[in-house]
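Trainee: For the protein sequence lines, the chains are A and B, in the order given.
The numbering of the first sequence is our numbering, which starts it at 16 and goes up by one.
The numbering of the second sequence is our numbering, which starts it at 1374 and goes up by one.
Some hints here could point you the wrong way.
List of simulated lysine-lysine pairs, BS3-like, C-alpha gap at most 25 Å [claimed, not checked]:
1) Lys1771/B with Lys24/A
2) Lys161/A with Lys86/A
3) Lys111/A with Lys88/A
4) Lys31/A with Lys1771/B
5) Lys275/A with Lys1526/B
6) Lys1491/B with Lys116/A
7) Lys1771/B with Lys275/A
8) Lys78/A with Lys88/A
9) Lys88/A with Lys1491/B
Partner residues are not named here, just some residues of chain A that face chain B (Cβ under 7 Å, in silico) [unchecked claim]:
10) Phe40
11) Ile41
12) Glu56
13) Asn234
14) Val235
15) Leu236
16) Phe237
17) Arg238
18) Cys239
19) Trp253
20) Gly254
21) Leu258
22) Pro261
23) Leu267
24) Ala269
25) Ser276
Just a sample of chain A residues kept apart from chain B, beta carbon distances all over 12 Å, derived [to be verified]:
26) Asn104
27) Thr112
28) Ala142
29) Ala171
30) Asp186
31) Arg280
Simulated from the structure, these hints should not be mistaken for lab results.
Yeah, the Cβ is synthetic: ideal placement off N, Cα and C, and Gly gets one too.
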Amino acid sequence: MTFNFTSLKSRTVWIKIFLLLTVVFIIAPLKAQEQEKEILEKVSKSLYNQVPDVEISLPNNQKLLLSELWKDKPVLINFFYRECTGTCNPFLRSLKTTVEKVGGISEDYRILSLSFDPKDGPREVAAMAEAVGVEKQKDWMFGTIKPIDIQKISDAIGFWYRLDSKTGQFDHASSITAVRNGKVIRVLLGSLVTPTRFRDMLYELKGTFVPTYSNPGENVLFRCFRVDELSKSVKFGWGMLILFIPGFCALLIAGVLFHKSSHSREPMGLS
Amino acid sequence: MNLAHKNTLNWIMVTFVLFIVLLLAGMFMRIIQANMFSSAQSWFYPMMTLHGVGMAGLWWVASIACASRVLSRYTAPSECVSRFALYGTVLGVLFLLASVFLGQFAAGWYFLYPLPFKGGWPTWATLSFLLSITILGATWLVWILDLLRSIAKKYTIGQALGWHYILGKTGPDVPPAVLITAVSLIAGVACLLSGVVVLLFFYYEMLTGVANDALLMKNLTFLFGHLLVNLSLYLAVAAVYDVFPSYTGRPWPSNKIVAISWNSVLVIVLLAYFHHLYMDFVQPTYFQYVGQIASYMSSIPAAVVTVFGAIALVYRAPVRWSLGFTLMFFGLMGWGIGGIGAVIDSTIAVNSKLHNTLWVPAHFHTYMIEGLVLMVLGYFYHYCQEKTKLQENLYFQKIIAALILVGGYGFLLMFYLSGAHSIPRRFAVYPADLSSGAQLSGIALIFISIFLLGLVLYIYETGRRWVKSLDV
Ligand code: HEM
Ligand SMILES: [Cu+2]
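Isolated chain B, as found in the complex (with noise of 0.2 Å):
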């Protein structure tokens, strides 16, 4: 068995074991929400920040790895590289299980300075936590910018991100995949740096005991995980763009419309994510607009282009609806659903209103579970198929499909009710006048129990090819 192949069958298999334990805590959250197993109300927060970095770190550890195999069609990325990657991400997950189970660290996922400070839990939870996400980035860092370099070795960055398209020329060909990822990779360098700035602040702060700016703490934060959690769509895009045409027998070649939006993408993402401060009375006020215009700015030309492009794709085409093919599409149109509640909230007077309620993670979720996740499960299957080409029982497989896309967005729109309602979010129980929410979310638990059977067919029916390809 080649690295490549040995590499992609592990990232995988990481995949699932994460995403299953993963699962189990948001559904714990939603249990102690629905005021079952009181007990065990301790243990929200430290969940909340489990469940929330490792599903954050794990989908764009995924995202970065089908896109790393998808490019290695066209460039030469280092396997050595994904090995430490996977040995990386590893040893980082390690550090922070410790921290969250053995030390209840709980500053949830984006652990807000100064919060890792003042939470009551133990000062080496917080340095281990700490640890994680230093170990995490400084691996992924390295990852990507071997990825960068196997495109740079094929390709101008003219090239790369397809100038010559804007400029009216039609070749040399770039693949779209190519392109989408070197916007991602190249915006993601600028999306680990910041991290890697707000850990040496913290770390500095843990030495010297002199405090940091809460507001400059803030903004790199969020300009990390904003776009941690956009990259890793775009970087699954990318693959979808890549395998589609395989199903529907036409091209999707790239062009100047794709080109240019990509590009306008790597232009503002970096900032768009002013609208995760909006509440911050202290930003400067055209901070907040230009928020509000980068976040339309920077999703929804990509956005648009890619689910027209995929319909226009689809539409007649004799395409055999398999488990990847199905997982991959819905996960186009997800993304694009979840991209629209994502612009509402990202409009300043409506987040007025609906800031820190439920229909934050509303929307996350939306295009996390119903985007990201299907692109990212369906090219995992698509991959073990092709490795296999196992017998396919597409009525079994549509039943899956079913199942994980009712029981996903039953979950979700509880998630969408709570927050019209005015459900706070990150609220362990809620008090009796918003009883509401703990009623949505014994509701959600039904859903979350079909999506949860829907995973394990999945898994099993992609484990299967998964065992079968060791021996390819």
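Looking at chain A on its own, in the form it has when it is part of the complex (with noise of 0.2 Å):
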């Protein structure tokens, strides 16, 4: 071996490095959680709320119930005003995006843009739809609510907002909330909306159950059971006997190998 690295030099070379990552690991990680369990904390607040059946009213002056939207599928609701010089146009527009991207929208899910500023009217809300470039997709609607619906709503899917009384300007969450048959099932956090994140919600709000075990009836290859419909008593199928083909031929195999080997084996002597 030739580098002397125990030396007092390199030996102090080492500490440093050691500390280095000391840092970079201990401390990076307990910043990053700090800020991740506070968006987490937030997140589950909300989860399986359940979201008060206000009135909307519709650019169109078409009222409804919310409980209408969800009947038939699930909606996905979020908040903006018109107004807004900060997060609420790139958030719609990355909505946007993304949903043309995922899509699914119509037959999997309806989106509710709901606005939180009482000067917001008809008008506002329709300019707003238009600026993002929805206006004709039908099953993205901009509204109204009532203003003490608009508290009772964002306490339940887990939105807040403050005036800042210098500005005029509102301070807001940028959120998007799913909700399925009146319940808040997801809570999307953050000005972007990624696709990722989004499909991730939308299998969650299908409760797409992957099945772990075939239905009698269905076309299956090999069962290891068979369920007798007559007598319901669980049989075994031809699975169960498929298990033991392995085993059963590796057996098999190094018995050939061997006794096929038989004939050129030197014969071994007591040694």
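Starting from two chains that each stand alone, build the complex the way the hints lay out.
Mentor: See the structure below:
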């Protein structure tokens, strides 16, 4: 060995490297974790809350109840206000891009964008829909609700907002809340809606259940069990037998290999 | 340079390169779990799959490479087949890389049915993954059949399995390496065949859309996976049995106890895998009991006999603790320690608590990193050292071993602690109420860095001999 890495000089280098690693690997996760924790706490607080069934006014002055929207498919609710100079616009646009990319709107879900600013009326929300470019999308609705209902819904779905008296702007969350049958299933926080997270949310909404065991009557290749419909008794199927094939074949193959070589084998004397 | 030597050097190089790459994938997972680098979160599961399949496959081929080199002292395995196995393995790995990196295939290392069809990645990624496993499985089947053939050419089946020892005879002499390898190879055929059956079912479903029985698929998958991992260990143990005497100056021959314990492995190792299905309520209950008993019976006798044998061999022997011997010795001990963790987890009453917590990765990483990996790395060093006889700086080598051991066990401790805190396995990001998981991941990263440093120094130390032995 040539390099001397136990000398004093290189020892201090080792110590420095170690300290650096400590900072990077312990302090950084702690920091990130705190943020993450805060977000997760906010998000999980509203899970399974019942969303109040309030009345919505659409730009064409049509009125309907929220429950009419979630009656046959889930609805993704988010809040905005027309005058927002902050995240509302980019947020809705990124939602639009993601929806186009992921698909499934109308078949699997609806989107409802509600204004939380009492100053917004039918005209303002229609303008917002147009600005985002989804005014023709039938299952993406923009609407307003009564001021007292705004508070009720935001509490239920984990949304918050606060008027900043200096700027006249609202400070507010950017979030989408997925509601199925009136219950909060998932909340996505953050001003950018990425396709991956959005897709996750849809899976969860659909409650996609991956069947882990086939149902009787389904077309399945080899079953471990058969259920006798008449007697309701459970019997072994061919599948159980297949389980033994690898082990059995291995012994067979080994037997054949050793047997076939027996002719050419040199005799082994006692040694 | 003869072909046998060239083959071994090639396997050593492949092992070093793949180990570093796959280790970095493991490190990447810990980084994500520590809540750092969150923009790469979506790569967690593809990397988990690459790391898991890659490591399991890598150490399986590495241990066969060791066993086949040891075997060639007694029998004549075909070196052309070994070369073929190398090409097949590389080809299989390319398909694996394509499916993971280009297709983000992420069904985990045992690709449990029906997940490969339901994960949301493109169908071609699933196909590429299945092809990869097919190529690997077929190649390895040819390889181990050839090794088995070479044993059969010299020994009868009774001799190879040491039955004459069990009957009380003392000759003919059959080296333990041959006995253990024979046991492992026969079980290995069963292992790869069950892999073949699973793959056929997957392809059949892809072509016809006819579903498979999930319970059958899971049973076959774990017959394959459990055996693959266990047999890798046995093959490495066989190599260690063979080289230990040259360090301790004492013989380590076969005898009745060695023969009985390894024959019991052959009889029941095929049944131990049931411990992977404890949570499957549709599995017949008596299989579960068989699983627990077989887990105990297939691991305890062989491990106890080997570990105590090794300690007795070393006790007060004038051993030179060179890098090769040190790693192999600690490898055997790590196998024992990890084995205890495994036996604990294969106990039904305990498994119902620990199932799918990080305890599971904890125990299998113990016998992998501190067992299998050390034994193989020790053997590779031993091999290159034997060829070159370079002077050894034992002080430097002890530091390498210490780094690897401290880094490895520290990393493992974080897995065990997480398991004890009910932190689930296979979580990319831990929810807020399990935030200690992220903290432990951060600490684990320090130890991984130490391990990595030790590994790099090890590769330097062995690599020098590797290069020099090119001219031998
Ligand atoms: C220092 C080296 C290693 C590091 C840092 C590492 C890290 C990890 C991590 C973080 C996981 C995911 C645990 C979880 O479920 O949350 C994992 C899983 C796994 N590792 Fe390692 N590992 C290392 C070495 C090995 C070795 C040597 C083997 C095998 C021979 C191995 C085989 C596996 C397997 C099979 C899985 C399970 C993958 C799955 O759940 O599909 N690892 N490893
Ligand atoms: Cu197992």
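Trainee: Confirm or reject each hint.
Mentor: Hint by hint, here is what the structure shows:
Of the supplied pair hints, the one linking Lys1771/B and Lys24/A holds, its CA atoms being roughly 20 Å apart against a limit of 25 Å. The hinted pair formed by Lys161/A and Lys86/A meets the criterion: a straight-line CA distance of about 21 Å does not exceed 25 Å. Between Lys111/A and Lys88/A the alpha-carbon distance is near 19 Å, which keeps this suggested pair within the 25 Å criterion. Proximity of Lys31/A to Lys1771/B is assessed by CA-CA distance (about 22 Å); at most 25 Å being required, the pair is judged to hold.
Only pairs whose Cα atoms come within 25 Å are accepted, and Lys275/A paired with Lys1526/B is accepted, the gap being roughly 9 Å. About 19 Å separates the Cα atoms of Lys1491/B and Lys116/A, which keeps this hinted pair within 25 Å; it holds. Only pairs whose Cα atoms come within 25 Å are accepted, and Lys1771/B paired with Lys275/A is rejected, the gap being roughly 49 Å. At roughly 19 Å between alpha-carbon atoms, Lys78/A and Lys88/A fall within 25 Å of each other, so this suggested pair holds.
Proposed proximity of Lys88/A and Lys1491/B is supported: the alpha carbons are some 23 Å apart, at most 25 Å. A cut of 7 Å between beta carbons decides the hint on Phe40/A: the least distance to chain B is about 4 Å, and the hint holds. The criterion of a C-beta within 7 Å of any C-beta in chain B is met by Ile41/A, whose closest approach is roughly 5 Å, and the hint holds. Because the smallest distance between the Cβ of Glu56/A and any Cβ of chain B comes to about 5 Å, under 7 Å, the interface hint for this residue holds.
Given hint, Asn234/A at the interface with chain B, holds; its Cβ is 6 Å from that chain's nearest Cβ, closer than 7 Å. Against a cut-off of 7 Å between C-beta atoms, the interface hint on Val235/A holds, since the closest Cβ of chain B lies about 5 Å away. Checking Leu236/A against chain B: minimum C-beta separation of about 5 Å stays under 7 Å; hint holds. Interface hint status for Phe237/A: upheld, as the beta-carbon distance to the closest one in chain B is roughly 6 Å, under 7 Å.
For Arg238/A, the interface hint holds, since its Cβ comes within 7 Å of a Cβ in chain B; the closest pair sits about 5 Å apart. Given hint, Cys239/A at the interface with chain B, holds; its Cβ is 5 Å from that chain's nearest Cβ, closer than 7 Å. Because the closest C-beta pair between Trp253/A and chain B is about 9 Å apart, greater than 7 Å, the hint is violated. Interface hint at Gly254/A: satisfied, since its Cβ lies 4 Å from the closest Cβ of chain B, which is below the 7 Å cut-off.
At its closest, the beta carbon of Leu258/A sits 5 Å from a beta carbon of chain B; the interface hint therefore holds under the 7 Å criterion. For Pro261/A, the interface hint holds, the least distance from its beta-carbon to any beta-carbon of chain B being 4 Å, beneath 7 Å. At its closest, the beta carbon of Leu267/A sits 9 Å from a beta carbon of chain B; the interface hint therefore is violated under the 7 Å criterion. The closest approach between the C-beta of Ala269/A and any C-beta of chain B is roughly 5 Å, which is under the 7 Å cut-off, so the hint is satisfied.
Hint status for Ser276/A: holds, given a least beta-carbon distance of 4 Å to chain B, under 7 Å. Every CB of chain B lies more than 12 Å from the CB of Asn104/A, the least distance being 23 Å, so the non-interface label holds. A cut-off of 12 Å between C-beta atoms confirms that Thr112/A is not in contact with chain B; the least separation is 17 Å. No Cβ of chain B comes within 12 Å of the Cβ of Ala142/A; the nearest lies about 34 Å off, and the non-interface call holds.
Every Cβ of chain B is farther than 12 Å from the Cβ of Ala171/A; the closest lies at roughly 21 Å, confirming the non-interface assignment. Taking the minimum C-beta to C-beta distance to chain B, about 23 Å, the non-interface status of Asp186/A holds against the 12 Å cut. Once the 12 Å rule is applied to beta carbons, Arg280/A is inconsistent with being away from chain B; the minimum gap is 6 Å.
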